[in-house]
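K.L.:
Read off the chains here:
2 protein chains.
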Amino acid sequence: MRIEMPREIERFGAVRLGGLQKVFELDSGLKKNPSPEQGSAIQQIPYEALYEIEKEMAIVVPVRNERLKLVEGVLCGIPHQCLTIVVSNSPRAPVDRFSMEKDALENFCQFVDKHAIIAHQKDPLLARAFDEVKYKSILTSRGEIRDGKAEGMIIGTVLAWLAGKKYIGFVDSDNYFPGSVEEYVREYAAGFFMSRSRYSMVRIVWHSKPKIAESKLFFRKWGRTSSNTNRFLNKLLSHYHGFETELIKTGNAGEHAMTIDLARVLDYSAGYSIEPYHIINLIEKFGGINESPFPEVMREGAEVYQIESRNPHLHDSGDEDHIKDMSYVAMQVIYHSSVCPEELKKEILKEMAHHRYLPRGERPPRPNRFPALASINAEAFLEEVESTEYGRLIGEGRL
Amino acid sequence: MRIEMPREIERFGAVRLGGLQKVFELDSGLKKNPSPEQGSAIQQIPYEALYEIEKEMAIVVPVRNERLKLVEGVLCGIPHQCLTIVVSNSPRAPVDRFSMEKDALENFCQFVDKHAIIAHQKDPLLARAFDEVKYKSILTSRGEIRDGKAEGMIIGTVLAWLAGKKYIGFVDSDNYFPGSVEEYVREYAAGFFMSRSRYSMVRIVWHSKPKIAESKLFFRKWGRTSSNTNRFLNKLLSHYHGFETELIKTGNAGEHAMTIDLARVLDYSAGYSIEPYHIINLIEKFGGINESPFPEVMREGAEVYQIESRNPHLHDSGDEDHIKDMSYVAMQVIYHSSVCPEELKKEILKEMAHHRYLPRGERPPRPNRFPALASINAEAFLEEVESTEYGRLIGEGRL
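Protein sequences, first through last, are from chains A and B.
In terms of our numbering, the first sequence opens at residue 104 and continues consecutively.
In terms of our numbering, the second sequence opens at residue 104 and continues consecutively.
Careful, some of the hints might be misleading.
Note that identical chains are pooled: a pair holds if it fits in a single copy or bridges any two copies.
Stated by the list, open to error - When the alpha-carbon atoms are kept at most 25 Å apart in a straight line, the in silico DMTMM-like pairs for lysine to aspartate or glutamate are as follows:
id, residue 1, residue 2
1, K217, E107
2, K134, E499
3, K453, E499
4, K427, E446
5, K448, E411
6, K314, D428
Hint data in this document are derived by calculation from the structure and do not stem from the laboratory.
Since the model is a prediction, treat every value here as computed from it, not as a measurement.
Okay, chain A solo, but in the shape it has when bound:
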């Protein structure tokens, strides 16, 4: 992969945010000397260097009622050297969709000679494990794991950590192009290759998103939701810096990756607010405004890389409700942040009223939050799931 270095950097306390990076070559070949060249604005990252990082990376694929053809394509796009973790919340009755997914994954793994993890979000063993380690916010009052993609991502993160991986990346299961899944993973690895901190995050912005308009494909650059979310995140940055900025381009980046060390110190927010909340929470915790609960991160610094993928993103198109929802919850997490200035809160309320998300004069609800995973005891968690297939694989150190 050949990629430009971030041309702009904004610092926010211990958080280092990089401007959008352009990819020049998907495959830039081999090279025996993978260290960054000094003074070069464009970086050649050889395959071996990406490979070594990918070997320590888990890719989490949250699945819910996806067509198996699509899931199979996604699996085929994940580089062999990554650990694949499928977290499914598909119904088990009247048809057991989960067992079909499990079967498809096992079949795939047999053909490619690889071990992978598949877990069901409603597995009572997992629920018991979270209960055992006192991570209750993921559980309902009845002791089940809650529905939701964020909850699935948390499960995937814990399993990747238990499996001893150093990096975790997320890809959606509804992607029509295995090649773009492969690209995302490679860009995650490229970001970690460039990073100098154990606490790093890579966020992807799609090159474009094909839309059907008048029976033709139109390649749209920015969706309305992304524009809106990015605008408010940038206003937050601008407020503190006193300079207007447009640096944040990945407020809603579903495609993102983190070092496990970073993933364990961040809080999570439910639903579609999880992605914008990553930025907010970084600033809350390490932006130097509040006192940080993790002084070791303050010392080392946290880094965010934003990369523009080359492939258009062609996925199962969401409906209008879904888009609205994304936009609304992103504003909710910004609104409720302890670092959100009063002025910006007012602006957000205005925007919400304008789009009729909320009656004038009312305050938006606060999305569910999940505390950092740092407090989870690995041994206790593992003990609860040791009877599962993945529990055995993790226990035997085979992943």
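Based on the hints, put chain B in the right spot on chain A.
P.N.:
Coordinates of chain B only, in the frame set by chain A:
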């Protein structure tokens, strides 16, 4: 790349045709020992092995009036280690489209630190070179190189050969997904990795082709043209073998690659008939029916690999005329082949009449043909183009 071995093989004289191969993983990692595993139906081809083949491969991109955004994406998808050859037939007036393409390529090459070749189909130097080496069929009566994609592909093939490359692959310039360009190239390399003959060809069939139907995307597996062309090619095979076969799935494969040694002994057919004619000409020349003009190929054997790509093929959609044309010319080359049995000729005429390509009772025209390039004298050709940029790069052995 992890790919299955051909499950069926059909032999036709010295021609060995492999059945369609499925790809299981786009990236199967590194491995120090790249030799084919004995007895394994699925082959892991490590990155290093593909890389070594790609280093000896030229990728030809025929361009005509393509949007530059698309061409740039295609360039970004070609692995760094391949030689990129752009053959353009874009107009030079009123706006000099070719100079815009040249500028875009040079800009790209500067960023990725690579040399590439760009040539214009109407360059009088090229025309003179073909004239000099007595390869007149590519020239009009006025001594210009003819219009047409096949002619552009011939130019690309000659330049790749002069540059000392061992393999040549073709990709279209109207592909929206750089990732699928990368996939095609990797599949070409995978085919050559598996091949045991210096005379080998790799043909891609698209996994699917997204079409817009009722404002949604529908992923169509087989176009009507491909079905029709494959059906007649398979009938030809069946006629000689006495067993019905469906082996040929890539009759219209625009995405294909050859060893330069094979590319130099095959004849070419004009327009969209170039791809089906490759199969026909292989059978004509090396199928054991006629005496072969190249006994060395008869001794070593020629191999055809057919690979099913994993990415859907999303390109600038052609119009209905273009589709008709493809179907019609494919039938023309089969009809006019010396190996086409009378019965099949009758069937083809019926089909042509049925689709009103041709009035009943008439015989179809024969598409223009170009003889094998084997007779071309490299030194004489090179001398004519030595003043061009690519001529210099080739002369200095820098490609």
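K.L.:
Would you mind marking each hint as holding or not holding in the structure?
P.N.:
Hints versus structure:
| no. | hint | in the structure |
| --- | --- | --- |
| 1 | K217 x E107 | between (33 Å within a copy, 16 Å between copies) |
| 2 | K134 x E499 | between (34 Å within a copy, 24 Å between copies) |
| 3 | K453 x E499 | neither (55 Å within a copy, 67 Å between copies) |
| 4 | K427 x E446 | within (23 Å within a copy, 63 Å between copies) |
| 5 | K448 x E411 | neither (30 Å within a copy, 53 Å between copies) |
| 6 | K314 x D428 | within (19 Å within a copy, 29 Å between copies) |
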